[in-house]
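Colleague: Once you've looked at the hints, go ahead and assemble the two chains, each given alone in its own frame, into the complex.
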Amino acid sequence: INHIVHNGGLYKRPFNEAFEETPMLVAVLTYVGYGVLTLFGYLRDFMRQWKIEKCQNATEREEQKDFVPLYQDFENFYNRNLYMRIRDSWNRPICSVPGAKVDMMERVSHDYNWTFTYTGRVIKDIINMGSYNYLGFAQKAGACQEAAAKVLSQYGAGVCSTRQEMGNLDKHEELEKLVARFLGVESAMAYGMGFATNSMNIPALVGKGCLILSDELNHASLVLGARLSGATIRIFKHNNMQSLEKLLKDAIVHGQPRTRRPWKKILILVEGIYSMEGSIVRLPEVIALKKKYKSYLYLDEAHSIGALGPSGRGVVEYFGLSPEDVDVMMGTFTKSFGAAGGYIGGKKELIDYLRTYSHSAAYATSMSPPVVEQIITSVKCIMGEDGTTVGEARVQQLAENTRYFRRRLKEMGFIIYGNEDSPVVPLMLYMPAKIGAFGREMLKRNIGVVVVGFPATPIIESRARFCLSAAHTKEMLDTALKEINEVGDLLQLKYSRRRLVPLLDRPFDETTYEETED
Amino acid sequence: QEKEELIEEWQPEPLVPPVPKDHPALNYNIVSGPPTHIITVNGKECINFASFNFLGLLNNEKVKSAAQASLKKYGVGTCGPRGFYGTFDVHLELEERLAKFMRTEEAIIYSYGFATIASAIPAYSKRGDIVFVDEAACFAIQKGLQASRSNIKLFKHNDMADLERLLKEQETEDQKNPRKARVTRRFIVVEGLYMNTGDICPLPELIKLKYKYKVRIFLEESLSFGVLGERGRGITEHFGINIDDIDLISANMENSLASIGGFCCGRSFIIDHQRLSGQGYCFSASLPPLLAAAAIEALNIMEDNPDIFQTLRAKCERIHKALQGISGLKVVGESFSPALHLQLEESCGSREDDVKLLKRVVDYCMNSGIALTQARYLEKEEKCLPPPSIRVVITVEQTELELDKAASLLKEAAQSVLN
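Keeping their order, the protein sequence lines are chains S and H. Here our numbering is used: the first residue of the first sequence is 1, the next is one more, and so on. Here our numbering is used: the first residue of the second sequence is 1, the next is one more, and so on.
Since the hints were derived computationally from the structure, they do not count as laboratory data. None of the values given here were measured: they were computed from a predicted structure. Check before you lean on any hint, since a few could be wrong.
Computed cross-link-like contacts, DSS-like style, restricted to lysine-lysine with a CA-CA straight-line distance of at most 30 Å [what the hints assert, rightly or not]:
| # | chain 1 | residue 1 | chain 2 | residue 2 |
| --- | --- | --- | --- | --- |
| 1 | H | K72 | S | K380 |
| 2 | H | K214 | S | K54 |
| 3 | S | K101 | H | K380 |
| 4 | H | K356 | S | K65 |
| 5 | S | K265 | H | K212 |
| 6 | H | K21 | S | K264 |
| 7 | S | K177 | H | K44 |
| 8 | S | K150 | H | K62 |
| 9 | H | K380 | S | K177 |
| 10 | S | K444 | H | K383 |
| 11 | S | K208 | H | K126 |
| 12 | S | K347 | H | K356 |
| 13 | H | K3 | S | K208 |
| 14 | H | K356 | S | K348 |
| 15 | H | K212 | S | K65 |
With the rest of the complex left out, here is chain H (with noise of 0.2 Å):
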């Protein structure tokens, strides 16, 4: 039968497309031994300025023990999700902790950093619902617009002139249909510290424009957290903005606290929500209680010792004054960021040029023992991809003498290679 026919002709692509054996992501830089401030990359020991560890906190000795000493009552994983018998006392502990350390009413944990933002926004946006977000929003956020399916608006990168514009566009369509202006909700979103860009958001002109527009706020604060504000609050702490005009905040305790996991905080109206709608929270197991216990652990260490973030603060200043004025090479980032982009000055013509160019450079640090990597995206799921560059994160312990020999070693390479 003419069916049948259709059935044998027919041929589907192959599952996957080859992959190139020398396309730069597919051969990983192999780390023996813990990512710490001396670590050993592809048999080699450098400095670390690769990992995001900005407190040091991953060697601590005190976190791993309080870290032992779950592992030693609870085991190692929790064999449920939170409706289900996977609760624990350490997981509401530290949801306590986190919610008074950042001075809001509750906050909820999530098992992995990825998925707290791409759980947050879907439970809240849906569709028809208007989100401004950030053109230099990271990936999770974008995932996590993805899934909610509303209206997405993009707006320059901390353009409040032109995000502005669109809401006084929206506000122009909504005198045109009053009814369902009453039902769409608005948010807008934004990051405490950009991850690709470096720099932070105009957080107190964005709380005049949230009263003048009425749209929500949800704060993105996976690089601010415990490195802004004098206490390690994040970007509301640095501003001295109360923290209850800010709708939601998320980050996620995988940079500053040297965990795994997400949390969000915020008014109990707000968070409660997500108890039974956030995607990732209710149908994935629960965090395992030794990352729990790490995490609470490291929150004590921040809440004792509040002159970490001063020490922070001064070597980023001192090695973002140092990296000035490198031939070939600008750099990316606020003063006191502790994740700095290297990006070149003026481009190859193609992006897999630079991306070479810049492997050439990171390699030459790498031989001489600075382990630097350069920024990963995926290049066609980006929906503003951000131009190749090297990341240079600033932890609190490399010492003045380590910061002066990488700037010195990245004016070399950048001379040897690029000249």
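Bound conformation, chain S alone (with noise of 0.2 Å):
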């Protein structure tokens, strides 16, 4: 039974999120298998190191033998002897569009992953559940791509200079009030990469002398983007509001570390979706925290922008808040609005800081002109203003697909984690073994999914990522469920033992927080 949460009248809809624990057998496994790896690994070392075994890794130049080795021997064990066995399941080219259906081309290897050739041979329309490609907006016709298109025979490919000297384009004064009229804040600023977008502005706003809460799973730009600002970084169980809390009074009641001096500004950095877990961050009580301890909120819409919320405008939306309750508002146009790049949306005094002292800003060519024409597209699609009803179909279709699919997995009896809302749906795999195995197994079905393992996700708890669109049409969802359900039943995945474990009742750990000392 799901856990509802109504907290006190902070949430206008039911907030359904769970997360299974792992059976003790499963685990136990689970383990065996990793020692069992561990073991064949050191024993294939000391096999190459004898010379038994033909050493496949390219080696270091004979000139420069004698110098200081640019890689520790311990540090590629996990790569050489558990990474390459599997490699096959990731880095597939594809050679179409990346929507609901791809081409692939196949790929071989005759000595067991350290090389592949390839065979020339497509293999054409898998069905694509790996592609962040929420609306369905990666298209190679339509309205979008005529619109890239004459923008590219009259601007160019390229810009070839920064924004503060000759690379602001109008196209991008376009594109940055018509993303701010989107989100519904007063201005907004693009940049050329999301990742670059978060490492780099980051340091901008904080420095040495405040406070970063951020939460456990946030994605490495995040943390790169804290470490490189020099500010103090302490870190919260993932979406524990009570672990929050508790590391907001300690932070305003004993200052900073050694010198006791209040902090300069306290800034909490969240995720919208978190792509790993498929949960959605608690908005409405981390807000409430925010405003009683008087921090700024930085929440990062990467995957939720255009996938929640009744009409696309993302976390903020879903839960019927107001945006000008969150301090800075940052995302990705590369999973949505299939383009690429990132925005940070705000008050106008912070997007002109921005636009002073962003790195961003001074030192990177600004975006190319048909990315920027495909994302004012989009979101004109999105919102409505260009005459049809298409944008608005796609939210609901994606809304729909997302239900559905989820019911269906739930039904089959696999361990789903996440929220009921969010179309990121990881699938509990566990065993190293079955990583290799799903991800070829579904191949062979004409089916394109991502496993992830180690280091991505803790060791035990590898997982298969699907993520959906509104391009997937219940037919495809159909067949794909139907593969999923056999191949669920060739390799014992059905774990569920529809014993659901309700979130508050996740034991809160008493120890203190952990600081990162940088």
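Modeller: Set out below in structure tokens:
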């Protein structure tokens, strides 16, 4: 039974999130599996060292053999012995538009994944459940593509200058005004890369003497931005509001660690949808805490913009809150808009400050014009300003697909993490051997899935992750579900015992926060 | 309770301090239309001396049609990182072509020029390693070094004696603690053509130092790729050095190739490591295929017309000579560098005043039809802040008439503003 949280009227709709606990037998078997692989790894390394087995790694130049070695042997142990075995599940090359169905180039390996050769054949019409194509804007024909083609022939592909020098085109100004209107904020600024948006703007906002409270499972770009800023970083447990409140109280009461001076500012870093867990941030509670303790909120909507909310405006609309409560709204254009880049939206003072002091505005080339045009057209489509209801229909279709897919998978008996409304669906695999097997079996059945293991997830919690799209029709979903059912029976993946642990009863560890010194 | 009172009393700083309305970096120039040879800035038509479009490929019809074909086939975005269905055959082709062009074993592509070197350095150099870097290194290198948490040792710009002194000091340190020395990696990071000063690094001496002190070299060739060398292969071709002597070459495709993104090339032993540990590669969406196709076509043009490099060099020499002797402004940069700086000979006293004065020179030129820009820096963040300057960029598309016009206009502007 899912646990519904209402929490004093902060939530206007039920918040259903569940993380079923790992069954004990499965956990034990997973550790055993890793143990066996590690033993074999040592054996193989031993054989390679004594030249019994041929070493297939690339090696250092003869002239540089007496330099200090570039890589530690142990660092690459995981890479050589575990990752290499299932390397064919990743970096699969495709040769068509990444829509609901893709064409993939076939590749084979004759030496156990050390090298790949392309046979030249193309596997056609694979159902794509791996690309972040939430609203289906990855298309090779249609209004967006035509507009982008026109801008490409007029402006060219590159810009060759930075925003502050000669790279600020009229298209960029148009885009920024449109994005600000879409989000409901005063002003916005767009950048060429989503990763860089985080890593270059967080250092501009906070510095030494400030405190950053960051969620356990934040993305690498947020972690890098926080580290580069020089502020003190403290981590609170994933989506756990008691942990966050405790940290906030202690920070204000005790001040900075050694000098006891008060903090200059406190910034809370959260994401809209966490891509590995499929969970949605508890935004009403975070905003209530932020107001009570006078801190600032940085919301990274990389996956949730366009995908949540009745009109696609993201997690703020999903909870029915006002965008003015969030101090810095950040997002990317790569996922729901079918383009590339990132943006930051907020009050005019904030954006003016970023225009002057952001690292990206001063040193990095501005966005390419056809990409900007693709974003403009797709945002207008979602808002309904292009005169059709296509945008609205897509947002509805995505919500329906999400609910249907998740319900069917749960009924089949798989362990699915995350919130019921999130289009990111992680399906637990746990055992290392099943990671490779699942990826390969699904490909044989013409379905492309994404599998993730360590180090992106904790070592025993490897998973397969499905990304739903508005471009998936019900037939495609049904085919996919049928195949997943078969593979699930074949690999014995139906772990769920239907005993779901309610969220608040997850044990909260009273030991204090970790502080990372830089 | 006490705690409640403390929470009540604490007042944070505002999230951002207010920015004065006339801050020079706040009011951007608005370019309407494509930033090509003739550019419309703030409503005025000018000749473009400010965009890094060295080989004039921004407006090239073949490049645009290749990008159009790719747009029709793949759409705009890739909707995923390289590991999860974001690898297209165009990316693989571009990597192969770049590796073949630079005559190395392998190349790897990033989707953002700034992120290329800023992700490459922390992939190899970790806490406890030592990096010797030139003072005039660009901001992207500085951020990469900061992310790597290594020990940074700055040596004076292009001063090999200073570098050798630092290396000798390190050697004596090593002899005190040989066990630690055996696991500490050492790197030298230099640029082929420095963005901040317009001169080149003395690569042959660096190679000698490399083998003498057992240090690895990372070369950043953003400005010199497609400019130096007989066929545009960069500074290694310019000096005639074996490319395998350089451990890693990193460049961005946003200058000569008129596309977006960056690449690193070198031996497979080194480049392959970035596929799993380069942050900007693993955790970020891949380059849109239309930009990759544009880059491939630009490479084709570079390979088919090797004489454009000579033409560019001749133009650079011409304007370098023409700009000598302007009263009040001195030219900073080599004679064959396509990106020069014009700095004030005598400073007014404060950086703000210098910036204002240079702005008046730039405005004078813009009103008469030559588009120039000041070189922009983040004043508080740079380690060694270069003095304020005007950036002059030379491209193949500028005719001799236009070059002469620009030089005489700058002379006039300097006369009227600075005297």
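Colleague: Next, verify each hint and record whether it holds.
Modeller: The hints, checked one at a time:
1. Restraint check for H:K72 and S:K380: satisfied, since their Cα atoms lie roughly 21 Å apart, inside the 30 Å limit.
2. The straight-line distance between the Cα atoms of H:K214 and S:K54 is roughly 29 Å, inside the 30 Å bound, and the hint therefore holds.
3. Note on S:K101 and H:K380: the hinted pairing is violated, with a Cα-Cα distance of about 49 Å set against a maximum of 30 Å.
4. Proposed proximity of H:K356 and S:K65 is contradicted: the alpha carbons are some 54 Å apart, above 30 Å.
5. A hinted pair counts as satisfied when its Cα atoms are at most 30 Å apart, and S:K265 with H:K212 does not qualify at roughly 49 Å.
6. For the hint linking H:K21 to S:K264, the alpha-carbon distance of about 25 Å falls within 30 Å, and the restraint holds.
7. Distance restraint check for S:K177 and H:K44: the Cα-Cα separation of roughly 23 Å lies within the 30 Å cut-off, and the hinted pair is therefore satisfied.
8. Note on S:K150 and H:K62: the hinted pairing holds, with a Cα-Cα distance of about 16 Å set against a maximum of 30 Å.
9. With a C-alpha separation of about 29 Å, the suggested pairing of H:K380 with S:K177 holds against the 30 Å cut-off.
10. For the hint linking S:K444 to H:K383, the alpha-carbon distance of about 54 Å lies beyond 30 Å, and the restraint is violated.
11. Of the pairs offered as hints, the one joining S:K208 and H:K126 holds, with about 22 Å between alpha carbons and a cut-off of 30 Å not exceeded.
12. Taking the CA atoms of S:K347 and H:K356, the gap is about 29 Å. The hint holds against a cut of 30 Å.
13. Straight-line distance between C-alpha atoms of H:K3 and S:K208 comes to about 25 Å, which keeps the hinted pair within the 30 Å bound.
14. Of the pairs offered as hints, the one joining H:K356 and S:K348 holds, with about 25 Å between alpha carbons and a cut-off of 30 Å not exceeded.
15. With a C-alpha separation of about 14 Å, the suggested pairing of H:K212 with S:K65 holds against the 30 Å cut-off.
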